[in-house]
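Colleague: Read off the chains here:
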Amino acid sequence: MSLDAKTVTRIARLARIGLEPGEVNALGQEMGSIIDWVEQLNEVDVTDVPPMIGTGLAKPRLREDRVTDGNRRDDVLSNAPDREGPFYTVPKVVE
Amino acid sequence: MSSMHDFTLASARDALKARKISAVELTNAHLDAIKRLDGRLNSFITRTPDQARAAAKAADEVLAKGEGGPLTGIPLGIKDLFCTNGVRTTAASKILGNFVPPYESTVTSNLLRDGAVFLGKLNLDEFAMGSANLTSAFGPVENPWKRNGSDAKLVPGGSSGGSAAAVAAGLVLGATGTDTGGSIRQPAAFTGIAGIKPTYGRCSRFGTIAFASSLDQAGPMARNLQDCAILLKSMAGFDERDSTSVDTPVPDYEAALTRGVKGLRVGIPKEYHAPGMPAEIEALWQQGINWLKAAGAEIVDISLPHTKYGLPTYYIAALAEASSNLARYDGVRFGERVNGSSLDALYEATRAAGFGEEVKRRILIGTHVLSSGYYDAYYLRAQKVRTLIQRDFLNAYENVDVILTPTAPSGAFAQDEKPTDPVQMYLNDVFTVPASMAGVPALSVPAGLDAQGVPLGLQLIGKFFDEETLIAAGHVIEQAASFTHRPAIHAGVSA
Numbered sequence: 001m002s003l004d005a006k007t008v009t010r011i012a013r014l015a016r017i018g019l020e021p022g023e024v025n026a027l028g029q030e031m032g033s034i035i036d037w038v039e040q041l042n043e044v045d046v047t048d049v050p051p052m053i054g055t056g057l058a059k060p061r062l063r064e065d066r067v068t069d070g071n072r073r074d075d076v077l078s079n080a081p082d083r084e085g086p087f088y089t090v091p092k093v094v095e
Numbered sequence: 001m002s003s004m005h006d007f008t009l010a011s012a013r014d015a016l017k018a019r020k021i022s023a024v025e026l027t028n029a030h031l032d033a034i035k036r037l038d039g040r041l042n043s044f045i046t047r048t049p050d051q052a053r054a055a056a057k058a059a060d061e062v063l064a065k066g067e068g069g070p071l072t073g074i075p076l077g078i079k080d081l082f083c084t085n086g087v088r089t090t091a092a093s094k095i096l097g098n099f100v101p102p103y104e105s106t107v108t109s110n111l112l113r114d115g116a117v118f119l120g121k122l123n124l125d126e127f128a129m130g131s132a133n134l135t136s137a138f139g140p141v142e143n144p145w146k147r148n149g150s151d152a153k154l155v156p157g158g159s160s161g162g163s164a165a166a167v168a169a170g171l172v173l174g175a176t177g178t179d180t181g182g183s184i185r186q187p188a189a190f191t192g193i194a195g196i197k198p199t200y201g202r203c204s205r206f207g208t209i210a211f212a213s214s215l216d217q218a219g220p221m222a223r224n225l226q227d228c229a230i231l232l233k234s235m236a237g238f239d240e241r242d243s244t245s246v247d248t249p250v251p252d253y254e255a256a257l258t259r260g261v262k263g264l265r266v267g268i269p270k271e272y273h274a275p276g277m278p279a280e281i282e283a284l285w286q287q288g289i290n291w292l293k294a295a296g297a298e299i300v301d302i303s304l305p306h307t308k309y310g311l312p313t314y315y316i317a318a319l320a321e322a323s324s325n326l327a328r329y330d331g332v333r334f335g336e337r338v339n340g341s342s343l344d345a346l347y348e349a350t351r352a353a354g355f356g357e358e359v360k361r362r363i364l365i366g367t368h369v370l371s372s373g374y375y376d377a378y379y380l381r382a383q384k385v386r387t388l389i390q391r392d393f394l395n396a397y398e399n400v401d402v403i404l405t406p407t408a409p410s411g412a413f414a415q416d417e418k419p420t421d422p423v424q425m426y427l428n429d430v431f432t433v434p435a436s437m438a439g440v441p442a443l444s445v446p447a448g449l450d451a452q453g454v455p456l457g458l459q460l461i462g463k464f465f466d467e468e469t470l471i472a473a474g475h476v477i478e479q480a481a482s483f484t485h486r487p488a489i490h491a492g493v494s495a
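Line order of the protein sequences matches chains A and B.
First residue of the first sequence? That's 1 in UniProt numbering, and the numbers climb one at a time after it.
First residue of the second sequence? That's 1 in UniProt numbering, and the numbers climb one at a time after it.
Please note that the accuracy of each hint is not assured.
[To be verified] Using 27 Å as the maximum straight-line C-alpha spacing, the simulated DSSO-like pairs for lysine-lysine come out as follows:
#1 Lys-59/A with Lys-384/B
#2 Lys-463/B with Lys-418/B
#3 Lys-308/B with Lys-270/B
#4 Lys-92/A with Lys-94/B
#5 Lys-463/B with Lys-59/A
#6 Lys-17/B with Lys-94/B
What the hints contain is simulated information worked out from the structure, not anything from laboratory work.
Same shape as in the complex, but just chain B (with noise of 0.2 Å):
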């Protein structure tokens, strides 16, 4: 039985196809593992088995045919941001906790028309707003991995901590994750598995429970980045319903894996050596430099001058949107209500009950910023940095095809060693934010571990809809690193 969970996405496909494997009994494997090994990592926030093993059961009829599309049979996890139709949909807030939403996103409406089956709704930072999954009103996540000879228990990062530790324990082939400032390549870096936050406008973000909308995007999240070309193939695309969706042609991505780095111009940015990095994380960077540059590509240096105020910036235009975007969530149409003696009273007592600490802060910081008076001095001032931040990107494009960089400034850390400081928690996302500032796709591939056997990822971001040339650059680094490693906890070892 233990076969079962040495599949990735793509093989897993391969023998459904061949029917070496039935989608029940692949489903099966999977939803026993959840319930082995999810009480304690916690990944889950629903699950939903008898739709699973119905969905697999289907699955199996249409293959018995010899029909299916590109995912039929394949067992998913769904971050806990995308409504789904009939299943209670949370962002992992309180203020959420019993909503069923009565509509499928696009995202994973386009998912269930590949023919994927989905085991539930994978756990969060509450309203994705943070970097550990710490803030979940659902409880924190574990990561599956272990420090040597510790059983401290590590952050998976966030925001997509549940889809992140569910991959990396072998609780799912896949899962789709959300990525507003990092919360996509961050939590793959941390649990060692390949994230790619696309290009912004790539996928719908319609039916997505919004954060900030000018930022966020979905994105594949796998144990390599061919099962990650595979989901993104099917999750992407244009989406009339989305006014942000941009309508391009869907690439074959996983055709693009094996295109190789030869000629390539792969840009490293000078402003990315940030103080206070961790020896062996500028090693490993330079590590994946020596491989793109054996397979063929050619270094160059950048610079990427306002790397600085990526993190700034991201934190005003993203809690400015998150403030109004959350405006919504009043206890009137939906969502918990918390009586009270007038309707102003009423939403005062709905929105301290059902808002975890970090949600509020964060509420006020974008109410803040964006009051009569302080607009101009921040909202506006920040929304023209971020300009400056998408020129840098842009005019680095006219020498290099993509920039390599590390993903984070150190591995997993402990879920007691959390920082007290707020921004000391920001600083998690210093190198993922600038790509989503100017909207560019990034991924993350795992590299290698640090000391204490902890895993870390590099970054390639790349031109805008180019993830092609990512997925390809990021398969080079796949082949040379070949990380095989497996986390502690994991569905293929006995308990």
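With the rest of the complex left out, here is chain A (with noise of 0.2 Å):
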């Protein structure tokens, strides 16, 4: 089932895209598509069936507390798409 246009314009509101009127009903549709095929999986019995999260094979681990990277502002700041100094930029936030 096509999803429909409220819906495929909420969700890309979510997902900070912004979709060009004309493309809503063909994403609606071929979304729609794909998450009738991925339904199947309420056939699937999960009672008391737990979450997979992750494979389990790393262990938690914990380490001392100390600076390991750091004092590499112009590095973080270098592939900036507009700063001022060491700021970066983005439209007046605050009226």
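Hints are included, so try docking the two chains, each in its own frame, into the full complex.
Modeller: As structure tokens, this is what we get:
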């Protein structure tokens, strides 16, 4: 079943992806057919089955609380699309 | 000069150590091949010939002193998903079109530590999302193989399509790949080369651009399993900068190559007899069974009952993780920016312009399955089914040592035969996804050609951290198949 325009628009807003009005219907159809296809998981009995969160092969580790990296401000900023001195710029957020 | 293109990674290593060839001439021969063939194949996004020549020269100096690491002077290609210090790293996306990492990924650091020479960054599906290398912002990659009597451009598979094509065409002696649901194994099968997806946690993910973090795993792609074994030893190892890296010793994979399969129990899962699978793939699978049996393995019929749920589970889990991971591309700290009148407008315009269609579709579905009201129905349920898929494998390994299946349900298809339905495209990964979901290691080896002369691969799936048994069993298949075919487009063929 195709996702309706309102749903697609809401999801795109959550994902911060701008859509052209002309894209919404086609996307709704494609997403709807993928969602229909994954619905087959409803056949599976998952009573008392725990969710798998990772493979569980790596053990959580503790380490000494000390600085291991840092003082690389210019490296960190080197790919900024726009900056003023050591700051990233964005459009005005607070009036 | 053409003999320079007959080397495997292992034989080049031995020739370099014996000073029969120099690293500079080996690198130059490969750079020349790239220049000759890659305008067409498009397997590289970024070429680094100057750095490569400098590294080869340094390698010769080390080798002249009788020193050097396991890969000193070996020309490799790096999938453009691994961050390389000072060299543009794009993930084949417009949004990272000018991204120059100020640091090196752990996997590539390890290869450099061992002396490898990088020839450049290899093409892939955008953010590793695809099975045909058709979604790259830098254009599709052409498979160097041709169907008999046809010049149709075939896809190299994906997402590591550039890695696969470059290795198959002899442009590099080996390449790094990453595999989230089959992205090493399926392109390896499509291009007649070998590829290993190691156990999740075997290779560090640090500095590898994330797609689905609980699945992404780096691995080697090369002409044969000996070459893959050499690369894997170098790439693998514990890394404290990856919280899912596992601290377990790295064995000498190359030494496992000739162990044989005598007494090994090989499982054949009945669920992999997929409806509609071409008869020649069934036949190849049976051939693989016969080869292993003839070498002394015991064949055991097994069942992996949740196989059919692998793909839908994968597409929920992987897309949910992708939507979270790709949230970082917001046009503020790095990557391309498209300005807007407000911060939200900037985000929306940046992401609309920077991501391709398939990536947008996947982020949107991932966002949907994680959104309030849908999380339990989709994401949580998929994680539970994932547990059942993993249990299938763990149960099977009570009784068998490895599992043999085809790698993909078809050989390489033509670029213009791409299915228009996304779900049809996803079916390419039907045999590779379950092992990814379980986190177990798997590999693909070339095992034959189809009726049209296009390579087909067989997949072996193993126990956690038992890549050695996989390599040993894979090598038996390699030797029995004696796959010495070369693609139509190859560095060793004069144009």
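Colleague: Now tell me, hint by hint, if it's right for this structure.
Modeller: Results of checking the hints against the structure:
1. Note on Lys-59/A and Lys-384/B: the hinted pairing holds, with a Cα-Cα distance of about 21 Å set against a maximum of 27 Å.
2. For the given pair, Lys-463/B sits about 34 Å from Lys-418/B by alpha-carbon distance, which is inconsistent with the 27 Å threshold.
3. For the suggested pair Lys-308/B and Lys-270/B, the alpha carbons sit about 11 Å apart, so the restraint of at most 27 Å is met.
4. For a cut-off of 27 Å, the pair hint linking Lys-92/A to Lys-94/B stands: about 26 Å separates their Cα positions.
5. With a C-alpha separation of about 18 Å, the suggested pair Lys-463/B and Lys-59/A falls inside the 27 Å cut-off, and the hint holds.
6. At most 27 Å may separate the alpha-carbon atoms for a hinted pair to count; Lys-17/B and Lys-94/B exceed this at roughly 41 Å.
Hints 2 and 6, counting from the list given before, are not met by this structure.
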